[in-house]
Amino acid sequence: MNQQSGNGHEIVIRVQNLVTRFDYTVIHDDLNLDVRKGEILGVVGGSGAGKSVLLKIIIGLLKPSSGTVEINGQAQAGLTSDELAAERRRWGVLFQDGALFSALTVAQNIQVPLREHFNLSQNLMDEIAALKISMVGLSPEAGAKYPSDLSGGMRKRAGLARALALDPALLLLDEPTAGLDPIGAADFDRLIVELKEALGLTVFLVTHDLDTLHAVCDRIAVLVDKRVIVVGTIADLLEYNHPWVEEYFKGPRARAANISVA
Amino acid sequence: MATILDNSAWIEIGGRGPEKEISFGGIWTVFHAGDVEDRLMEAVQLRGEPVVLDLEKVERMDTLGAWLIYRLSRDLRLKRVDTRFRGVSDEYKLLIERVGANDRPCEMAPPRRNSILTLLEDVGLGTLNSLVRLSELLGFLGLIITRLAGAFRQPQRIRVTSLVYHIEQVGLRALPIVGLISFLIGAVMVNQSAIQLRLYGAEVLVVDMLAISILRELGILLTAIIVAGRSGSAFTAQIGSMMLREEVDAMETIGLNPIDVLVLPRFLALLVVMPLLTFYADVAGILGGGLMAWAQLDMSPAVFLQFFQEAVPDIRTFWVGVIKAVFFAVVIGVSGCFEGLSVSGSAESVGQRTTQSVVQSIFLIIVLDALLAIFFTAVGW
Numbered sequence: 000m001n002q003q004s005g006n007g008h009e010i011v012i013r014v015q016n017l018v019t020r021f022d023y024t025v026i027h028d029d030l031n032l033d034v035r036k037g038e039i040l041g042v043v044g045g046s047g048a049g050k051s052v053l054l055k056i057i058i059g060l061l062k063p064s065s066g067t068v069e070i071n072g073q074a075q076a077g078l079t080s081d082e083l084a085a086e087r088r089r090w091g092v093l094f095q096d097g098a099l100f101s102a103l104t105v106a107q108n109i110q111v112p113l114r115e116h117f118n119l120s121q122n123l124m125d126e127i128a129a130l131k132i133s134m135v136g137l138s139p140e141a142g143a144k145y146p147s148d149l150s151g152g153m154r155k156r157a158g159l160a161r162a163l164a165l166d167p168a169l170l171l172l173d174e175p176t177a178g179l180d181p182i183g184a185a186d187f188d189r190l191i192v193e194l195k196e197a198l199g200l201t202v203f204l205v206t207h208d209l210d211t212l213h214a215v216c217d218r219i220a221v222l223v224d225k226r227v228i229v230v231g232t233i234a235d236l237l238e239y240n241h242p243w244v245e246e247y248f249k250g251p252r253a254r255a256a257n258i259s260v261a
Numbered sequence: 000m001a002t003i004l005d006n007s008a009w010i011e012i013g014g015r016g017p018e019k020e021i022s023f024g025g026i027w028t029v030f031h032a033g034d035v036e037d038r039l040m041e042a043v044q045l046r047g048e049p050v051v052l053d054l055e056k057v058e059r060m061d062t063l064g065a066w067l068i069y070r071l072s073r074d075l076r077l078k079r080v081d082t083r084f085r086g087v088s089d090e091y092k093l094l095i096e097r098v099g100a101n102d103r104p105c106e107m108a109p110p111r112r113n114s115i116l117t118l119l120e121d122v123g124l125g126t127l128n129s130l131v132r133l134s135e136l137l138g139f140l141g142l143i144i145t146r147l148a149g150a151f152r153q154p155q156r157i158r159v160t161s162l163v164y165h166i167e168q169v170g171l172r173a174l175p176i177v178g179l180i181s182f183l184i185g186a187v188m189v190n191q192s193a194i195q196l197r198l199y200g201a202e203v204l205v206v207d208m209l210a211i212s213i214l215r216e217l218g219i220l221l222t223a224i225i226v227a228g229r230s231g232s233a234f235t236a237q238i239g240s241m242m243l244r245e246e247v248d249a250m251e252t253i254g255l256n257p258i259d260v261l262v263l264p265r266f267l268a269l270l271v272v273m274p275l276l277t278f279y280a281d282v283a284g285i286l287g288g289g290l291m292a293w294a295q296l297d298m299s300p301a302v303f304l305q306f307f308q309e310a311v312p313d314i315r316t317f318w319v320g321v322i323k324a325v326f327f328a329v330v331i332g333v334s335g336c337f338e339g340l341s342v343s344g345s346a347e348s349v350g351q352r353t354t355q356s357v358v359q360s361i362f363l364i365i366v367l368d369a370l371l372a373i374f375f376t377a378v379g380w
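Note that the protein sequences, when read in sequence, are chains A and B.
Sequential numbering of the first sequence, starting at 0, is according to numbering that gives the first Met the number 0.
Sequential numbering of the second sequence, starting at 0, is according to numbering that gives the first Met the number 0.
Hints in this document: simulated from the structure, not taken from any laboratory.
Predicted model only: the values in this text are computed from it and were never measured.
We put the CB at the ideal spot given by N, CA and C, even for glycine.
Accuracy of the hints is not assured; some may be wrong.
Label pairs and their calculated CB-CB ranges [to be verified]: (1) 343/B x 81/A: 36 to 44 Å; (2) 156/B x 60/A: 47 to 55 Å; (3) 118/A x 351/B: 31 to 39 Å; (4) 67/A x 14/B: 52 to 60 Å.
Partial chain B-side listing against chain A, Cβ under 8 Å, derived [unchecked claim]: (5) 92; (6) 106; (7) 141.
Far from chain A by the CB rule (all over 12 Å, computed), these chain B residues [said to hold, decoys possible]: (8) 29; (9) 31; (10) 39; (11) 40; (12) 46; (13) 58; (14) 70; (15) 118; (16) 122; (17) 154; (18) 175; (19) 176; (20) 233; (21) 306; (22) 373.
Just chain B, with the same shape it has in the complex (with noise of 0.2 Å):
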């Protein structure tokens, strides 16, 4: 019989007078039912006599190999095919049993919807949802300047050691990173920009485009992303991670407000850092640019800060920095915080509100640095 291999299932079709027979043999488990599953195919399309399923070749059968044998004998019955097995031991036939007993359908897979429908639904959605989010973010800033205000009558609000804590984490800790990007990419502007501009011979005009550049904008949008990077992500997984293990509930329970335990310290330490990590930037900066010039257009320092000193004849350019930084910090504090109040249910969630909370915070970091640089224009400084 050529349908017999070593460590197989095998199944023969014969038969001899009124009757077909079906033998079964080999080793029908999991491990062999994929060698005759087209043969069983075969098996199915036999109507008229009767048939005998004969199992007494079968060397070892498990439930995969139970529910085959089934099912090709329940097809067979279902088309008026008399079968009848032959040749099964105690033990196959109560598997087999077993395997009839738990032939129910089921359902594999949600129902599929309209793929159009399901894109409008999204789209919708998603636009609801980010409208929601944004109303709800703001009634969170209301909340925390809330809870800010009451500590003008309630100091005690304020938890020095946690604040500090967070000054230290938030600013101190990233002073390398910030001081060390901001210095680069001084020196990245100046490089670039001296090779455009000695073009046209005004090579000089590098430390305007510098000074300004970093000032107004390049110091405090990559302190603040840095920052957003860091901390707010940090923020939401602490605060998130406390959610699922009921911190938060238990605080509330205890009588300590989460937002004053919680919130207030980080939403502070953001407020009192960023303006300082900004003006350290501001200097990595211009320090970067200034030792690029030196090395690339053989300015000296003292000819760079009398430069530097005309370029930039108005304090009010450096303040633009500092006080978007303000904003940024609230945009950090309050994103952070509340997507970690947001977290429930399963560790997966506080790793998504954690992309949330970062994402979410470069993204209004940006617009709002285009509408206050209008805003700044607008205004004159």
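Just chain A, same shape as in the assembly (with noise of 0.2 Å):
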């Protein structure tokens, strides 16, 4: 049921002639977008280009005005409300500072998904919570504790875990390293490449940071006036003459992060 991109890559999201509008102000304007299988694919763009939009318009949180989004080869628009909830059980989704369930324990928050979709036996979804906890760095402690008793960067931890609960084979963040030091934004970047090597995910982030993109992504989409004008590897972008895309990849916060020109 996977569909096949012209040169032989298996497309997990394609996003067709893409349309947004709020009242009368244009976000997108006819975007094409695909991600391929197993890939980390970035989204760049300024404040307001409508990144954040886009993410929420795949994960079908916001309708778009016209255009498609395929995942897996199916139609997101087509979808009645339980199958479109049983699509999204196959996907994780971190949102900005972890969207955690302010209510509930780091550990709680782990198995709602589990708790609320399958019949698992509690001391199955406590170890499942352990493992994922685990898996994306956070200390044993983190288990019991609530999200407001947790920093910046075990928090966005924590909803990964969340986000990884189901074992989903599609990721999407939100900013991943947003708001976390140099230091912690680096340790996340690598827990992604991991997590991605390890669970063979498809990941696709939106993000600000030139660091992550050069560590973590496999192709950078950038959305600027309003579609994606072009995707590709960093050395591909270099090469690419428009005057946001050499603003961006050739500026002074680029070459800080060594994405430079040889």
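Hints are included, so try docking the two chains, each in its own frame, into the full complex.
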């Protein structure tokens, strides 16, 4: 059921001719994007370019004005709410600040999707929570803590653990390193790559962070002027001739992140 | 094999010769793990002979499936049963190893405490907190009065634009709701008491009852409760969200005093508006009662007014309500602004503080009302 793109890659997310309008403000105009199986795709763009809106459209929290979103070859628009709910169990989403449920401990947060969808023993759910907590690099004490007692970096890790609770093949991350200090951000970058390798994930991430792009992403999509103007590796983008792209990848911050023009 | 179902995980315990064999098959993911939990419990009971774990027929596996298989082999080994794997693909092997590497104990919930002790502690803390809060509120009232007193020397501390804005918000915009509620309560009072008083042939006393209860108690109480719910909560939410966005901190660094900028206009607006609203509520309530008397008892407005004058020969009855209005204005202003300035941390705190502000205002209003009622009776008003 997976479709192939022109050059033989299996496509997990396919966005076609997407138009998004809020009242009279056009956010996306004829946007196209493919995410290949097993890659980490980063989406960059200026503030207010519609990156997070794109993510929300892909996961179905917002409806596009026109255009289609297909995930694993399945057009999302045609699904009933039950089908969509079943589809959603196959993806994990990490929101900006983790979006943990504040009334539950970290371990309970991770168990929410398990408890909701499956009939597993409490013992097994506890083991799964412990496993995920360990996999995202949280300390064993973190399981019993409430989100308000965690630092920003720990909240993101806990959010990631919850996103991974159902072992999704597709992971969508909204600004995974925003608000983390450089060391925490680098750790998180490494974690994403490790998990992707270990679990064979496809990752779609929205970011501002040049270091993340450099360290993590297989390909980068640039969202400028209401559409994805180019998708490619950093090397490809350095060649690309567009003022915003040049400013972004050749500016002082890019140099600091070692995305140097050789 | 009866255990095989389509699209499911299965496990078979068999064995030939000296070795037991456990074969796994199907889809070992979170979607199907529930199917095999019980069977796994059986497998764990094996003892004695060496066991081969055969994964040849596993079609798909995720971390949960890997965990279940890893856990079985771990538990068997702990019981000194020799185990080895067979037919494990590299991919599964990696997954099982990864899962094993992350097999660490983890705390699930905060430690439970003795519930009787917790109850006692909660009661103690609650009592202590309410005393502390009362003293904090009094301290805050003192702070407001100090700033207000200073405003006599520096009149520019009073921000006129802001004051007028809040007078409009708290007063003018509350007119419809205060008027309607007082009107209806006045009408209901007459309607209900007329039925009771008729039993004694004392319908005329309806007017006395209406006049005294509206002027002394109901007009001001209704007004105060509506304003506490409408404006006290709004003050807390407005100031609270400014606290969250660090606007108040910014004010202080620029050299503005948050009490002058945020609290005084709101506080003064309440002091101006509450007596006026009370007068308005009195009028609306008596109007409602009068109309009901006309409709139900056939008492013409002229007769009603004459009885009314006899019922309230002394303007002091009216002043009782208006004087209370000033006290209640202070309660609502202090409570609303104090709770707003106490917001910290998250947006959740704004909600908690807003609830707290309204509950606290209404509680204090009613307690104060009772005390003032005793006081006014004692001094013969």
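Against the structure, the hints come out as follows:
Residue 343/B and residue 81/A have their C-beta atoms about 42 Å apart, which keeps the hinted 36 to 44 Å range intact. One distance hint, 47 to 55 Å for the beta-carbon pair residue 156/B and residue 60/A, holds here, with the actual separation near 48 Å. Under the hint 31 to 39 Å, the C-beta atoms of residue 118/A and residue 351/B, about 36 Å apart, fit the expected range. A hinted range of 52 to 60 Å for the beta carbons of residue 67/A and residue 14/B is consistent with their spacing of about 54 Å.
Violation of the interface hint for residue 92/B is found here, the shortest Cβ-Cβ separation to chain A being roughly 12 Å, above the 8 Å cut-off. A distance limit of 8 Å between C-beta atoms decides the matter here; for residue 106/B the minimum to chain A is near 4 Å, and the interface restraint holds. Using the Cβ-Cβ criterion of 8 Å, the hint placing residue 141/B at the interface with chain A is not satisfied: the shortest such distance is roughly 33 Å. Listed as a non-interface residue, residue 29/B fails to keep its Cβ farther than 12 Å from every Cβ of chain A; the least gap is roughly 5 Å.
The Cβ of residue 31/B sits about 9 Å from the closest Cβ of chain A, inside the 12 Å cut-off, so the non-interface label is violated. Against the 12 Å criterion, residue 39/B falls within the reach of chain A, whose nearest CB is about 9 Å from its own CB. Under the 12 Å C-beta cut-off, the non-interface status given to residue 40/B relative to chain A is violated; the minimum distance is some 10 Å. Even its closest Cβ contact with chain A, about 21 Å, leaves residue 46/B beyond 12 Å, as expected for a residue assigned away from the interface.
Under the 12 Å C-beta cut-off, the non-interface status given to residue 58/B relative to chain A holds; the minimum distance is some 15 Å. Distance to chain A contradicts residue 70/B as a non-interface residue, since its nearest Cβ pair spans about 7 Å, not more than 12 Å. Even its closest Cβ contact with chain A, about 21 Å, leaves residue 118/B beyond 12 Å, as expected for a residue assigned away from the interface. The Cβ of residue 122/B lies farther than 12 Å from every Cβ of chain A, with a closest approach of about 23 Å, so its non-interface assignment holds.
In this structure residue 154/B is separated from chain A by more than 12 Å, as the shortest Cβ-Cβ distance comes to about 44 Å. For residue 175/B, the requirement that its beta carbon stay farther than 12 Å from each beta carbon of chain A is met, with the minimum near 31 Å. A cut-off of 12 Å between C-beta atoms confirms that residue 176/B is not in contact with chain A; the least separation is 32 Å. Interface exclusion of residue 233/B from chain A stands, the closest Cβ pair being 25 Å apart, more than 12 Å.
The claim that residue 306/B is not at the interface with chain A holds, since no C-beta of that chain comes within 12 Å of its own (minimum 58 Å). Every C-beta of chain A lies more than 12 Å from that of residue 373/B, the closest at about 44 Å, which supports listing it as non-interface.
When the structure is compared with the earlier hints, violations turn up for hints 5, 7, 8, 9, 10, 11, 14 and for no others.
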